[in-house]
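Taken in sequence, the protein lines are chains A and B.
Going by our numbering, the first sequence opens with residue 85, and the numbers climb by one from there.
Going by our numbering, the second sequence opens with residue 85, and the numbers climb by one from there.
The set of hints was computed from the structure by calculation and includes no laboratory data.
Being a predicted model, the structure only gives us computed values, none of them experimental.
Check before you lean on any hint, since a few could be wrong.
Repeated chains share a single entry, so a pair holds when one copy, or any two copies, can fit it.
Stated by the list, open to error - Calculated lysine-lysine pairs in the DSS-like style (CA-CA distance at most 25 angstroms, straight line):
id, residue 1, residue 2
1, Lys187, Lys152
2, Lys288, Lys304
3, Lys89, Lys103
4, Lys103, Lys161
5, Lys135, Lys103
6, Lys135, Lys123
7, Lys135, Lys89
8, Lys236, Lys257
Single-letter residue listing:
Protein chains: 2
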Amino acid sequence: MVKKKGILFLAGIGPGDHKTMTNHCVAVFRNCDVVVGYKRYVELAEPFIEKQQVISSGMTQEVERCNKAIQEAAKGKRVALISSGDSGVYGMAGLALEIVNKKKLWDRFAIEIIPGVPVIHAAAARLGAPLMNDYAVISLSDLLTPWEIIEKRLHHAAQSDMVICLYNPKSKKRTTHIKEAKSILLQYRKPDTPVGLARNVGRKGEAITLTTITMMLRYKIDMVTIIIIGNSATHVLNNRMITQRGYRF
Amino acid sequence: MVKKKGILFLAGIGPGDHKTMTNHCVAVFRNCDVVVGYKRYVELAEPFIEKQQVISSGMTQEVERCNKAIQEAAKGKRVALISSGDSGVYGMAGLALEIVNKKKLWDRFAIEIIPGVPVIHAAAARLGAPLMNDYAVISLSDLLTPWEIIEKRLHHAAQSDMVICLYNPKSKKRTTHIKEAKSILLQYRKPDTPVGLARNVGRKGEAITLTTITMMLRYKIDMVTIIIIGNSATHVLNNRMITQRGYRF
Chain A
85 MVKKKGILFL
95 AGIGPGDHKT
105 MTNHCVAVFR
115 NCDVVVGYKR
125 YVELAEPFIE
135 KQQVISSGMT
145 QEVERCNKAI
155 QEAAKGKRVA
165 LISSGDSGVY
175 GMAGLALEIV
185 NKKKLWDRFA
195 IEIIPGVPVI
205 HAAAARLGAP
215 LMNDYAVISL
225 SDLLTPWEII
235 EKRLHHAAQS
245 DMVICLYNPK
255 SKKRTTHIKE
265 AKSILLQYRK
275 PDTPVGLARN
285 VGRKGEAITL
295 TTITMMLRYK
305 IDMVTIIIIG
315 NSATHVLNNR
325 MITQRGYRF
Chain B
85 MVKKKGILFL
95 AGIGPGDHKT
105 MTNHCVAVFR
115 NCDVVVGYKR
125 YVELAEPFIE
135 KQQVISSGMT
145 QEVERCNKAI
155 QEAAKGKRVA
165 LISSGDSGVY
175 GMAGLALEIV
185 NKKKLWDRFA
195 IEIIPGVPVI
205 HAAAARLGAP
215 LMNDYAVISL
225 SDLLTPWEII
235 EKRLHHAAQS
245 DMVICLYNPK
255 SKKRTTHIKE
265 AKSILLQYRK
275 PDTPVGLARN
285 VGRKGEAITL
295 TTITMMLRYK
305 IDMVTIIIIG
315 NSATHVLNNR
325 MITQRGYRF
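My request is simple: use the sequences and hints to build the entire structure.
Next comes the structure, spelled out in structure tokens:
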């Protein structure tokens, strides 16, 4: 008997609300045998999970989740390893591919990467249109990237007048990076530059705030907050944060 | 008689293939009266357009399209003004909001921004997982942004060791910017740094190429090509471009 070949879907579910999920991701949920993911993201996807086996685990268990998903795919199962937003943006896609390579499993099962709407773009849509021109995306978490590198990137991004999106701005243990980021930004940008804060985008407790670099730290900022810092062409019109792109009208 | 209030949807249809469209965008197509867009994008959305009125126009007619869409919404219609990818990334969202503001029409109709999968993320998924760590997104088109600013951003992005995504790398008239970009990149990055080229992602004629900074100009590059330039942690495994994020496994 020839063993059925498995498939590993590396799928981004979007920010969390079901309407921002792609048709492809919905189809993957309908057609897979196993769903593997961080337990909060599995909860977000629950309405789509019927008879599928679910393997979920806690934060920072990324390697373990990849290993589980790969194990199931190697058995011939159809496995969805899910990330919130896009699987390729601070998600599981890269790590899963690295592990498949290390274990020399490229030929054992198929792999398909299903792009999703990254959380920053759902955040941007709620705020207005802050990403209309060039932008940089930087995570303030130093769990996997040394702070000196993050700091250097903040300097360059701020100097270059690109709009800046910050992921993972502040955790319970890591509370000072966002303050350092603010002081770097103030070296190059006006204090009243518009800043958008988007917490829990597309999820329960969604909160959208328009503020400025000076005032931003007065609001609640945590790991489920996306911060978008405007550039010199960003302004606020009727409570919408908009970066002008130079059209004449 | 109270006039029915219109609504303007600023919707991103994703790269072009229907499976990468969000559920929300599909619902908008089903529930609107008028679809306004660049004719190629309207063609991509055609399977979703039934009885809706279609208003399409050519490239660089962005202001005209916004005006038409706003006019229809002001009449009380349900209007979808579409962009490819995400409406908030080099799309129509910002311009539409600016025009609504200038015409003082904020109270005349509702506005809803529907995020879509930006083309770079569909491109990244096809290439592997190149955007796993911090990245910069830069358009090489100087139609709306002076070249000196773009050049400065390229220098900063290249120095900061962020992955770099280039939109609009080369048009028929604008053929030298990509050469200048390449020489800026070579000032800071190794010549054999992996580069991914993704042409017509999700559309007819899709072509995915893995190359290097040195070799990238030997391939076809045009306005429907997305270029992703790796950083010092990007490598190629089994024809997949992957940026390592520092996990231990």
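| query | Between Lys135 and Lys89, at a C-alpha cutoff of 25 angstroms, which is it: within one copy, between copies, both, or neither? | reply | Within one copy only: 20 angstroms inside a chain, 43 angstroms across chains, cut-off 25 angstroms.
| task | Go through the copies and call it for Lys89 and Lys103: within, between, both or neither, with a Cα cutoff of 25 angstroms. | result | between (31 angstroms within a copy, 23 angstroms between copies)
| query | Can you tell me if Lys187 and Lys152 fall within 25 angstroms by alpha carbon in one copy, between copies, both or neither? | reply | For Lys187 and Lys152, only the intra-copy Cα distance (13 angstroms) is at most 25 angstroms; the inter-copy one is 56 angstroms.
| 25 angstroms Cα threshold - placement of Lys161 relative to Lys103 | Only across copies: Lys103 and Lys161 sit 22 angstroms apart there, 27 angstroms inside one copy, limit 25 angstroms.
| request: Go through the copies and call it for Lys135 and Lys123: within, between, both or neither, with a Cα cutoff of 25 angstroms. | output: within (17 angstroms within a copy, 43 angstroms between copies)
| task | Evaluate Lys135 and Lys103 at a C-alpha cut-off of 25 angstroms and name the case that applies: within, between, both or neither. | result | both (22 angstroms within a copy, 23 angstroms between copies)
| Which holds for Lys236 with Lys257 at a C-alpha limit of 25 angstroms: within a copy, between copies, both or neither? | For Lys236 and Lys257, only the intra-copy Cα distance (22 angstroms) is at most 25 angstroms; the inter-copy one is 36 angstroms.
| request: Evaluate Lys288 and Lys304 at a C-alpha cut-off of 25 angstroms and name the case that applies: within, between, both or neither. | output: Answer is within; shortest intra-copy Cα gap is 16 angstroms, inter-copy 46 angstroms.
When held up to the earlier numbered hints, the structure conflicts with none and fits them all.
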